[in-house]
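Engineer: Here's the letter readout for the chains.
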Amino acid sequence: MATIITKEQQEKEKMVTLVSSDSEKFVVEQKVAEKSHVIKMVMNCCGIESPIPVRRVKGDILKSILEYCEKHSKGEAQEVMEKWDKEYMDKAEKDLVFFHDLMLASHFLHIQELVDLIAVTFAGMLKMKSPEEIRQKFNINNDLTKEQEEHIMTTFGWAFQPI
Amino acid sequence: MNGWDEERALIPGLPDDIALDCIARVPHRFHPVICAVSRRWRDLVTASAFRLHRHRIGVAEDLILLIQAQPGGLSGAGRSKDEFRPPPCRLVAYNASMGEWRRAVGAVPVFARVTVVKGRVVVIGGWDPETLKPVGEVRVVDPVTGGWRPGKAMREARSFFGCGVAGGRVYVAGGHDSQKNALKTAEAYDVEDDEWVELPEMGEERDECQGLGVGGRFWAVSGYGTEGQGRFDPAAECYDPATGRWTKIEGVCEEIGGGDGPGSGIYAAAGERVRYVDGRGVREYGRGWREVGKGPEGMRAVAVAVEIGEETVFVTGVAEGGGMVGWVLEDGKWMRVSNPIGFSGSVYSAAVIRV
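Sequences listed follow chains A and B, in order. Counting from 19, one number per residue, gives the positions in the first sequence under this note's numbering. Counting from 39, one number per residue, gives the positions in the second sequence under this note's numbering.
The set of hints was computed from the structure by calculation and includes no laboratory data. Be aware that one or more of the hints could be misleading.
[Unchecked claim] Here's a subset of chain A near chain B, in silico, CB distances under 7 angstroms, partners left out:
id	residue
1	Phe140
2	Pro149
3	Ile158
4	Asn160
In this text, all values refer to a predicted model and were calculated from it rather than measured experimentally. Note that the Cβ used here is the ideal one computed from N, Cα and C, for glycine as well.
All chains, please: the whole structure from these sequences, using the hints.
Structural biologist: Here it is in structure tokens:
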């Protein structure tokens, strides 16, 4: 007699183990891991039986990324997702080192939605700031000479204020 | 090993391609500020490749450039009629993607023409604000900073001329000189070489003609001669750079101009298509005119019209009850654009650039 497998059980069977660079193990559903184009390709060619090493991503970053992938594999309403994304980013951007690592990992794992979300958030961090504030926040060396900087400042032709 | 030069990185800790992806998403209004972060940021943001990248990732913004009178500038108090002075004009940028209005610092010649060619904004001609004499002046404006550098002046000073872009060149034709003589002369400007070349004369004098780039050719529509003050010619002349000749197109504005002259409506061209917008509707040209859509509701007269991409049209005109108002035609519907106080002056010329 054939066993009847419910949809839920079927899903459960499709679990995959991912191993971070610092040997932390994460067991997630295949559809969650599939959000990464790179992991999807690995699963397609090597299967899901043995653990997949994600050597360039540390445990704390991989954990956060998988949290994102899980939420985004549920197909929830757009407003719900937008709110969730915002909270997720608000938390991430507090720690700049973490934020950079998250950005690099999302690129490396090729999760386009997350790449875009982080880029938009990053661009938001550059708005409404003076050049000096931007340099300080991102540790950028100012190699403009006084004259060059002055030139940029004085040729700003667009004025926002009414005459 | 990080694999990238940490010292020269746009953002330390990030590969440049990822940094570029982030910086490209900063809205255009902040670009002048981020230009001053470092040399590499300045060179990145002002490069045309940066604009292309923004376009590719779908974050480019449409900037509509206007030559607009400064409101409240009409003939100052205490001046007699003889001393009438036209209001000073400014270069204004309306960001159609964000709904923001800005103006460039300093005045431009009164009634100057603005046009966009090869990613650069070019302001041409008009009247000297002091002497009120036509000038040949050319300004090449950087759309990122709003700052400008002088370009080579037109060979002939002229005002109220037709102006359009075709095949990567700016064409000017007709208008009148400092003696108020209507002109049949025309010239073309190459912004990269910063050079004007003289074109053969048109068949007729065309003061107050409208210039259009249609495909690779330039049209000078209507206008009038020195003797025929105000009697607008229903024909257009078309210059083809391949043959170097003007060809007359009879009756272009016969059907639509009516007795009102071209003042009541305006032509706009995109690609090979020519459209005409007035209070009655939008018409398209091709062996005569046919109506393709309704006009903006409550519009009495159109001042300028520009096509944004293939489908969208931006116009400014006089609304019923007075005042200069903008409208955008999108998906067959006209939407009124709100212009804040300080941006309600008459509009004399318009062009669009994607940034």
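Engineer: Could you check if Phe140(A) really has its C-beta closer than 7 angstroms to a C-beta on chain B?
Structural biologist: Nearest chain B Cβ about 4 angstroms off; hint holds.
Engineer: Can we keep the Ile158(A) interface hint, with Cβ of chain B closer than 7 angstroms?
Structural biologist: holds, 6 angstroms
Engineer: Can we keep the Asn160(A) interface hint, with Cβ of chain B closer than 7 angstroms?
Structural biologist: It holds, given that the least Cβ distance between Asn160(A) and chain B is near 6 angstroms, below 7 angstroms.
Engineer: Interface hint check: Pro149(A), Cβ to nearest Cβ on chain B, cutoff 7 angstroms. Holds or violated?
Structural biologist: holds, 4 angstroms
The structure shown violates none of the earlier numbered hints.
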